[in-house]
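**Q** Each chain, written out:
2 protein chains.
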Amino acid sequence: MQRDFINFTDFTDFTNFINLKKIKVFSPATVANVACGFDVLGFALNNPGDEISIELNDLGKIVLADETPYGLPLAPEKNVTAVALQSMLDALKSKQGFNITFLSKIMPGSGVGSSAASSAAGVFGANELLGQPFTRKELVQFAMQGEKAASGSAHADNVAPALMGGFTLVRSYTPLDVIPIPSPQIFATVVHPQIEVRTSDSRKILRQEVPIKKAVEQWGNVAGLVAGLFTNDYDLIGRSLHDVIVEPVRAMLIPEFYAIKQAALDAGALGCSISGSGPSIFALSKTEKTAQKVAQAMQDGFNKVGIENHVFVSPINKEGVRIAE
Amino acid sequence: MQRDFINFTDFTDFTNFINLKKIKVFSPATVANVACGFDVLGFALNNPGDEISIELNDLGKIVLADETPYGLPLAPEKNVTAVALQSMLDALKSKQGFNITFLSKIMPGSGVGSSAASSAAGVFGANELLGQPFTRKELVQFAMQGEKAASGSAHADNVAPALMGGFTLVRSYTPLDVIPIPSPQIFATVVHPQIEVRTSDSRKILRQEVPIKKAVEQWGNVAGLVAGLFTNDYDLIGRSLHDVIVEPVRAMLIPEFYAIKQAALDAGALGCSISGSGPSIFALSKTEKTAQKVAQAMQDGFNKVGIENHVFVSPINKEGVRIAE
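So the protein sequences, as listed, match chains A and B. Going by the working numbering, the first sequence opens with residue 7, and the numbers climb by one from there. Going by the working numbering, the second sequence opens with residue 7, and the numbers climb by one from there.
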């Protein structure tokens, strides 16, 4: 009996065990920084996202297959999903193997947490197949290792919302302290101009020292944004969505940034800034109707200068990564 | 009839008008910065505080009298209460005169908002006597002018909680945007060593540029503290009460700072840092019993090295400046 329980392949006809053996996972795009909250705040979107299938195998190793058009690296030590998953298996001291197939993928380098979605998908899927040894919050530390493989820095401001949904605050890294922040109904518009900005490059151009006056302004806005999210105060959220430290530097990497931002605000957005390290630009709006109007305005701005772009409108995804149908 | 209404002195027998003619005001001490929230956060205490009496006069000017032991400047242009009140009268285009008597006073230079209490007392008292033309929040801009007279900088992180009570966030100065932050029951311990640190001096030693890594750590903590106050999460409040930017510089102005802080934490405080620009040190505790234990520990720390000190234990004052009995 005991051996039968361990050998899942004997139970392929038993629905519960089929569910536990192979699942499809949807992992959402995320917007990090959220204007004022550089390196600490992020939120999840309903779309776009990554889709993977993940399955237990008996090979004692992670086997990867890519059905996306992006030519993802399939050597486990170079693939963010595998790196994140391996760090989780190491923590469990597990030799369990997995087959992972990348079915569809957020375009890499878009600035909406493409590597974070891949990292979150792998650890979430494996955690489900292994009977949930970890909470979603605990999975953040493993998904961060995927981020480290992708950009050299184990940041959590994308993987935390990808795993936990909603708005998240990474209060501290040492020790890791991730706080969910509630939010009212609010809609994000994200426009992705088809230019590539590498996370590592966009970090290099940041100044290592910032004026204390600007830092005070920034943490006033971070506190205001958190208070606005807690109190459903859309005006306060809007007043707080200002980045006086990172946006002024990174904006130069995104052609038309200030024109697009102004167009979004003119169309009724509460606020608008760079998504993560760019080049995507996000805006937040109170209603879906406004978010759609903002989408049109942002898209028009890029179209006018002939920059190909994709635009997404989504409510805040409160659930995070999930088992897909 | 109309003239009679204007001439209040004809109505001294009519209780409502007596109340409107002369009042006693209690204005609370405040703790600015609250560890991570340099220049943006503050909270009010029940004690100590300033007491003034304020009365309408027919002289068309502000007349000051001092019953405190501190030898306060009584020339209206040098007295913070008068400066703040005058800025309010200017906004009202009012020539109304006031007699103000300083009855008791927080010790100047203590770092618990002595000048803010005086500024708040004057504008609050006059606003009451004039039939409340302004809200408490609107009074902040006038009280700030008293702060400017005191320290050269029109900061609001003490006057906002003095006027509005509770925890307050000064999200922005241009335009002024003050946000009340709710808080669970929480007790403050403040120890004031009898050494003087001038606000202007303690600002001069701050670095004008700060490492972005430290700034990120700081705004992670600011966001965490606000989230902890909203969710009554004492643990999160405690984890967030860290100042990695200002405290390390200003601590050198306060003998025994790190020993006192450690003693407070060992006694059970959630967190401990410098109150405003010092030299007072504050700690926050979950219960009054712990706050008293913390008070003893902090006081012992100063006593051990022969530094005279006063200690106060108080819940957060939710009301702010008020008409006293």
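Fair warning: there could be bad hints in the mix.
Pairs count within a copy or across copies, as identical chains cannot be separated in the list.
As a list, the in silico DSBU-like pairs of lysine-lysine whose alpha-carbon atoms are at most 35 Å apart [unchecked claim]:
| no. | residue 1 | residue 2 |
| --- | --- | --- |
| 1 | Lys99 | Lys219 |
| 2 | Lys67 | Lys299 |
| 3 | Lys143 | Lys295 |
| 4 | Lys30 | Lys220 |
Simulated from the structure, these hints should not be mistaken for laboratory data. Computed from a predicted structure; not experimentally measured.
**Q** Each hint needs a verdict: does it hold in this structure or not?
**A** Here is what the structure says about each hint:
{"no.": "1", "hint": "Lys99 x Lys219", "result": "between (48 Å within a copy, 33 Å between copies)"}
{"no.": "2", "hint": "Lys67 x Lys299", "result": "neither (48 Å within a copy, 56 Å between copies)"}
{"no.": "3", "hint": "Lys143 x Lys295", "result": "both (33 Å within a copy, 34 Å between copies)"}
{"no.": "4", "hint": "Lys30 x Lys220", "result": "neither (45 Å within a copy, 40 Å between copies)"}
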